[in-house]
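This is what each chain is made of:
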Amino acid sequence: MAASAQRSLLGNRLVIVTGKGGTGKTTVSATLALAAARAGLRVLVIEMGHGEQIPRLLDPQAPVAGYAGCEILPGLRAMRIDPFEALAEYLGLQFGVRAIVDAVVRNKAFRQLMTASPGWRELITLGKIWHLAQLDAKDASGPRFDLIIVDAPATGHGVAFLDVPRVVISAVRAGPLRKNAQRVERLLEDPDQTLVLPVALAEELPAREIAELTDRVRNEMNISIDRVIVNAVVGPPFPDALPDLDEALARLDGDLELGALPPPRVLARCAHYLRSRHELNRRFTAEIQETTGLPTVELPRLPEGIQGPDQISSLMSALLADPVFLA
Amino acid sequence: MKSNPKLDAMLSDREIIVCVGCGGAGKTTVAAALALEAARRGKKALVLTIDPARRLADALGVESLGNQPEAISRDILDTLDVPQQGNLSAVMLDTKRTFDDLVERLAENEEARDRIFANSIYQQISNALAGSVEYSAMEKVFELHESGAFDLVVVDTPPAQHALDFLEAPQRLLDFLDSRLVKMLIHPAFAASRFGFRLFHRGTQRVLQVLERLTGIGFLEDLSEFLIAFDAMASGYRGRAHSVQDLLLGPKSTFVLVAGPGMESTRHATDFLDRLEGYGISLAGVLVNRIRLWPSRSAPPEAATRESADVEVLRDAFRASEGAEYPAQLAAEAAERVATRYAEWVRADAGFAQPLRERIEAQGCFWGCIPEFEKDVHDLSGLARVADWIAGKDEEP
Numbered sequence: 001m002a003a004s005a006q007r008s009l010l011g012n013r014l015v016i017v018t019g020k021g022g023t024g025k026t027t028v029s030a031t032l033a034l035a036a037a038r039a040g041l042r043v044l045v046i047e048m049g050h051g052e053q054i055p056r057l058l059d060p061q062a063p064v065a066g067y068a069g070c071e072i073l074p075g076l077r078a079m080r081i082d083p084f085e086a087l088a089e090y091l092g093l094q095f096g097v098r099a100i101v102d103a104v105v106r107n108k109a110f111r112q113l114m115t116a117s118p119g120w121r122e123l124i125t126l127g128k129i130w131h132l133a134q135l136d137a138k139d140a141s142g143p144r145f146d147l148i149i150v151d152a153p154a155t156g157h158g159v160a161f162l163d164v165p166r167v168v169i170s171a172v173r174a175g176p177l178r179k180n181a182q183r184v185e186r187l188l189e190d191p192d193q194t195l196v197l198p199v200a201l202a203e204e205l206p207a208r209e210i211a212e213l214t215d216r217v218r219n220e221m222n223i224s225i226d227r228v229i230v231n232a233v234v235g236p237p238f239p240d241a242l243p244d245l246d247e248a249l250a251r252l253d254g255d256l257e258l259g260a261l262p263p264p265r266v267l268a269r270c271a272h273y274l275r276s277r278h279e280l281n282r283r284f285t286a287e288i289q290e291t292t293g294l295p296t297v298e299l300p301r302l303p304e305g306i307q308g309p310d311q312i313s314s315l316m317s318a319l320l321a322d323p324v325f326l327a
Numbered sequence: 001m002k003s004n005p006k007l008d009a010m011l012s013d014r015e016i017i018v019c020v021g022c023g024g025a026g027k028t029t030v031a032a033a034l035a036l037e038a039a040r041r042g043k044k045a046l047v048l049t050i051d052p053a054r055r056l057a058d059a060l061g062v063e064s065l066g067n068q069p070e071a072i073s074r075d076i077l078d079t080l081d082v083p084q085q086g087n088l089s090a091v092m093l094d095t096k097r098t099f100d101d102l103v104e105r106l107a108e109n110e111e112a113r114d115r116i117f118a119n120s121i122y123q124q125i126s127n128a129l130a131g132s133v134e135y136s137a138m139e140k141v142f143e144l145h146e147s148g149a150f151d152l153v154v155v156d157t158p159p160a161q162h163a164l165d166f167l168e169a170p171q172r173l174l175d176f177l178d179s180r181l182v183k184m185l186i187h188p189a190f191a192a193s194r195f196g197f198r199l200f201h202r203g204t205q206r207v208l209q210v211l212e213r214l215t216g217i218g219f220l221e222d223l224s225e226f227l228i229a230f231d232a233m234a235s236g237y238r239g240r241a242h243s244v245q246d247l248l249l250g251p252k253s254t255f256v257l258v259a260g261p262g263m264e265s266t267r268h269a270t271d272f273l274d275r276l277e278g279y280g281i282s283l284a285g286v287l288v289n290r291i292r293l294w295p296s297r298s299a300p301p302e303a304a305t306r307e308s309a310d311v312e313v314l315r316d317a318f319r320a321s322e323g324a325e326y327p328a329q330l331a332a333e334a335a336e337r338v339a340t341r342y343a344e345w346v347r348a349d350a351g352f353a354q355p356l357r358e359r360i361e362a363q364g365c366f367w368g369c370i371p372e373f374e375k376d377v378h379d380l381s382g383l384a385r386v387a388d389w390i391a392g393k394d395e396e397p
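Read top to bottom, the protein sequences are chains Z and C. Mapping to the numbering used here: the first sequence position 306 is 306, numbers consecutive. Mapping to the numbering used here: the second sequence position 79 is 79, numbers consecutive.
Wrong hints could be hidden among the right ones.
[Said to hold, decoys possible] Computed Cβ-Cβ distance ranges for the label pairs, DEER-style: (1) Z:Pro143 to C:Tyr279: 16 to 26 Å; (2) C:Gly278 to Z:Asp310: 28 to 38 Å; (3) C:Glu108 to Z:Gln134: 23 to 33 Å; (4) Z:Asp139 to C:Glu358: 18 to 28 Å; (5) Z:Lys179 to C:Gln363: 47 to 57 Å; (6) Z:Glu304 to C:Ala324: 17 to 27 Å.
[As the list claims (entries may be wrong)] Residues from chain Z that keep clear of chain C, each with C-beta distances beyond 10 Å, as calculated: (7) His272; (8) Gly305; (9) Leu319; (10) Pro323.
Source of the hints: derived by calculation from the structure; they are not laboratory data. Think of the CB as a built atom: it goes at the ideal place given N, C-alpha and C, for glycine as much as any other residue.
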């Protein structure tokens, strides 16, 4: 099946990277940001939650970006949206008088109410993202950011996060909260601007979960989604001429002395492990394609793990490759 | 791996084990395997998952898990070496049902109950909004422990960012219910009219004005109505919330940190440890899941010390075993690359885990490794294999 109608990942305004915890959302976000900056785009990459990882992945010496953000590389800004800071900024824009806003945000009862209230963190974060997407460049030559990348929270919550505008619209009858939620929803649902980029592992349970996720995003939330990133794929372990190398190794004398090489018994186990993981990844990549109806882009599993800019740049071309269906 | 006395003590002495850790580390699997191991030791064990993704039902081979514990059948327990006095149940948190059950239990009468059920704020909180899962999870843990039906409840938690929300949930809700603002909102004058604002002193007026500008009039009225309805049961809830907190932070409970392999996972786990320590939480130990181990239990050999003569011996062995037609040289070289590649993974995993391991062992907590198997754990026999590793009855990796 040919993969048509996909535009390049770099052709979006807003890319929301989502998926189950541990699938590599942060790696994908950082890689896409780097690729976009190298392609000459003005790019902003956003993290949420407690920790900040992307600046360090792109440059081990990078300072903490925080809410104010920080230019990590030419054309590439990173920031972390803290909901309370976003709220203070929003209230400042609404009321103009900073002193009132500060008094309110510092008010203990107000903080208690906000800390206990679910949902607003997601909404204010999305509102801030919406606001950032509206900014113009200083010289008014176009948008301030050509591409905004959001490293979203893990799946269960990641989907709830995108669902908050809809929930607010149905719960709140009128007022600015509803209006803001509608604006955010319009941005999310605009296929010319926004893409959800799911990241999965080619394993049984993650494959099933990504099917649920893509289904909800497409059908319930009506947000555009055009491919699945399959991360940490173990490539073919043996030369094509030797598909059963692990079995051949197992037929040798297991304790044969091989000097500094491990004995055949150990070699056979290593080979069997790599082959099993490779075949498992193939099988579930195919299943992801079948259950989601989406083509995939595969990123290789790097033996040393993701440590910094070396690994991130080595993944760029694989991430930007056209999504494909397995033959 | 030898048996682990600290882990043995945890399984025999504690009544609640909370598995915390980063998303994707395998908390659900490890929680279920811990419960299975406790059952094998004759306990009545229950595993509760509060992860919104429906993983546990798959792993336990139970078709659908509801909001009430579902027992694994005796036939299956027999195949898993669970003795007669032991059993294993599983429950999947249903956020809305748990909220509804709580309201049922605490509401003064049917009218009060129905008023809460009908309130739009309640419907959203109990149904859809991110964060509500933590409130109901702590309620469920308490309910299950209080039922007395289980010797041990093993709790799976949502991903790291939210796992401490779960611990904070009781106190947060109490703070909220006790806050002046809530007292204002449930003031009858406020409910009667938004001009009720005037009754409050200026600081509070200001907060209410901001909230109203932010949310719209309807929202505050709904919120006020919800809080009035909820207030009727608040004293009952307050008592429960305190009990939940005492239970989770008290001597009957302990925490196990589940980490994944690799640099990112171990860094997350280290951050997580810092935060747990900040809470004064007693950690029983760390289980590193899906780590790659070298098959012979020794350290993987260094590729640099290899000589071409070694590969030639392997080539000749292939030739003797597979026949003259076999591409023996290619096979021997490929086998060498396989060993190099796998050894690289093993060394990387061990290297990243080492600082965490030293810290954990210095604290007197247990440290355990569960290897990545050649296929993923998604059924009971897989869980049994994980439980074997946790208990130290493992095969060779």
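Subject >> Hints not upheld, ascending by number >> reply: Per hint list: 1, 3, 4, 6, 7 and 8 violated.
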